[in-house]
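Since each chain comes alone in its own frame, lean on the hints to assemble the complex.
For the protein sequence lines, the chains are A and B, in the order given. Plus 1420 on top of the position in the first sequence (first one is 1) and you've got my numbering. Plus 3 on top of the position in the second sequence (first one is 1) and you've got my numbering.
Heads up, a few of these hints could be off.
Stated by the list, open to error - For the chain A half of the interface with chain B, some residues (derived, Cβ under 8 Å), not all of them:
1) 1429
2) 1430
3) 1436
4) 1451
5) 1494
6) 1521
7) 1535
8) 1544
9) 1546
Said to hold, decoys possible - Have a look at the derived ranges for each label pair, beta carbon to beta carbon:
10) 1497(A) / 44(B): 12 to 22 Å
11) 83(B) / 1559(A): 11 to 21 Å
12) 1495(A) / 51(B): 20 to 30 Å
13) 1488(A) / 122(B): 19 to 29 Å
14) 1559(A) / 68(B): 46 to 56 Å
15) 117(B) / 1460(A): 14 to 24 Å
16) 1497(A) / 143(B): 35 to 45 Å
17) 1501(A) / 76(B): 38 to 48 Å
18) 1468(A) / 76(B): 18 to 28 Å
19) 1484(A) / 6(B): 14 to 24 Å
20) 65(B) / 1423(A): 32 to 42 Å
21) 79(B) / 1462(A): 20 to 30 Å
22) 5(B) / 1497(A): 20 to 30 Å
23) 73(B) / 1463(A): 21 to 31 Å
What the hints assert, rightly or not - Derived coverage of chain B by chain A (criterion: at least 3 residues anywhere in the stretch with Cβ under 8 Å from a Cβ of chain A; other residues may be distant):
24) 8–16
25) 21–35
26) 48–55
27) 83–96
28) 112–121
29) 130–139
Calculated directly from the structure, the hints in this document are not laboratory data. The beta-carbon is built from N, C-alpha and C at its ideal position, and this holds for glycine as well.
Read off the chains here:
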Amino acid sequence: MTEFTPWMSLAGGILIGLSATLLMALHGRIAGMTGILAGVIPPATGDWPWRAAFLAGAVIGPMAYVLAGYSIPFSVPLTPTMLIVGGLIVGIGVTYGAGCTSGHGVCGIARLSPRSIVATVVFMIAAIATVFVIRHVIGG
Amino acid sequence: MQKLISAFAIGIIFGVGIAIAGMANPAKVLNFFDIAGTWDPSLIFVMGGALLTAAIGYRVVFGARQTPVFEQHYAVPTSNLIDWQLVGGSALFGMGWGIAGFCPGGAIPALGLGYAETPIFLAAMIAGIVVGRFLKARTAKFATA
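Okay, chain B solo, but in the shape it has when bound (with noise of 0.2 Å):
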């Protein structure tokens, strides 16, 4: 229970920072990405301020404790793979962003400011979730074939 309400509360954090920054608003989003156009780059501030937030908070918690308070160990990505999986998709992401304006971290908190736009969106990027399990796990039988 402890688990479930601390996970809720870093969530409300996680939200409601992503609402004020502006990432869960599609028109702010496609002004950053619009150089050429009406550029507004306020986002550079919300990537700013989140990964020197995290890179300092990193740093203290892996200085501070061997392992996370509630886990037996950090669960930290490990792999260096750079493979065309992983350049395709971030460009296909970077496509998809642009086209739409929402990415899935700004998607979700926008659910909450109620409008009707934003479930259609996250029912696509769910099918496409389910999709591209689809096609990964065909495209990885056929790589060990």
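Isolated chain A, as found in the complex (with noise of 0.2 Å):
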């Protein structure tokens, strides 16, 4: 069981959509983790340094949260295994599919881009289907 959390994730989100918004309007960009990420990765994008720094502060940011005396809750009920298969999947299918939570279901939906709009709707759906199998009829 996790807590349900309903203000403090409507004020995460909030936060997303401010963060996306600045990006848009400062650096004129899709604040979409896949397309960012994959721009640092060999062989980079030439306008890799805006990247790096936004990655940079992605990270710090938290760290410097949980220094501060706040606690994130975070717990991964799953072995090494479903991490490491997972992972691969998810790089695979967001390369294909050219985006991922944030670059198609936040930024892609608010543009109202169709391409987002299905992108969300089918890794919705997959990944409800996905837990569905493996909690209830291999685990169940």
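Structure (structure tokens):
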């Protein structure tokens, strides 16, 4: 079980939307983690420095938040094998699908992009179906 | 330098948002998907808050300025092509997300929380991106051959 946290989740969501808005206003870019990260993986794109700066902020932000004494619940009820298999599949999938939750699910749908709406419906259904199979068909 | 500081600061907002929202916590993400079991609907509020803010924000930004502050133009994807790469790739992504509980935007901020599981996932995900690029380039070569 994890605790239902509507207010913290809403606040976090608003911050995610705010960062997407600022990245567009200042840099003219979509705040999609897949695209930003892919640009720093060799062969990197010519504009890798701002991407690296964004990624560094995304890591250091939560680190500073925790160091300041606030707690962030974290737990991984999985084997390392599942993390590795899941990671490989996520990497291949977001490369073919050209985006993930942040790029398609937030930025794309906010622009009413048909591609992003389709991608988001598909990956949400796939994730729900996968968890159902793992927890209630295999695990049940 | 201004550009880098700006991108860094926006990254901080993104990372803290993801972390407090619960998106960097695989247990919470997996419970969100587990509608038939230990369902935790919190992530509906993440998506709702993020989408509403970005939708309003984008409208304000595009209405207020012809160009972004630091660049010559808005780099917004223009393709409307819905093909098997988009659908199949997204289905695979959803499957991997359902197995590991991490998406790319959740895993990068999770790195800052300092747990050993995150780099394991991230290394595999980056390997997956490299493999995906290779396969995608080959598919493109076959398609045009």
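For this session: Look at the Cβ atoms of residue 1488(A) and residue 122(B) and judge whether their distance stays inside 19 to 29 Å.
Result: This hint holds: roughly 23 Å between Cβ atoms.
For this session: Indicate whether the distance between the beta carbons of residue 1559(A) and residue 68(B) respects the range 46 to 56 Å.
Result: holds (51 Å)
For this session: Double-check residue 1546(A) for me: the hint is only fine if its C-beta lies closer than 8 Å to a C-beta in chain B.
Result: holds (3 Å)
Problem set entry | Restraint outcome when residue 1544(A) is required to lie within 8 Å of chain B by C-beta distance | holds (7 Å)
Exercise. For the stretch 83–96 of chain B, do at least 3 residues have a Cβ located nearer than 8 Å to some Cβ of chain A?
Worked result: holds (count 12)
Exercise. Would you say the C-beta atoms of residue 73(B) and residue 1463(A) sit inside 21 to 31 Å of each other?
Worked result: holds (24 Å)
Exercise. Given residue 1451(A) as an interface hint, is the shortest Cβ-Cβ distance to chain B below 8 Å?
Worked result: Holds, about 6 Å.
Problem set entry | Given coverage of the stretch 21–35 of chain B by chain A, checked by CB-CB distance under 8 Å (3 or more) | With 13 residues in contact (Cβ-Cβ under 8 Å with chain A), the coverage given for the stretch 21–35 of chain B holds.
Exercise. Within the stretch 8–16 of chain B, is the number of residues with a Cβ closer than 8 Å to a Cβ of chain A three or more?
Worked result: Since three or more residues must qualify, the claim that chain A covers the stretch 8–16 of chain B holds, with 9 doing so at under 8 Å.
Exercise. Does 20 to 30 Å hold as the CB distance between residue 79(B) and residue 1462(A), or does it fail?
Worked result: At roughly 26 Å between Cβ atoms, residue 1462(A) and residue 79(B) fall inside 20 to 30 Å, so the hint holds.
Exercise. Regarding the hint that residue 1494(A) lies at the interface with chain B, is the smallest CB-CB distance below 8 Å?
Worked result: holds (5 Å)
For this session: Using the beta carbons of residue 83(B) and residue 1559(A), state whether their distance is inside 11 to 21 Å or not.
Result: Cβ of residue 83(B) to Cβ of residue 1559(A): about 40 Å, so the range 11 to 21 Å is violated.
In terms of the numbered hints stated before, the structure departs from hints 11, 22, listed from lowest to highest.
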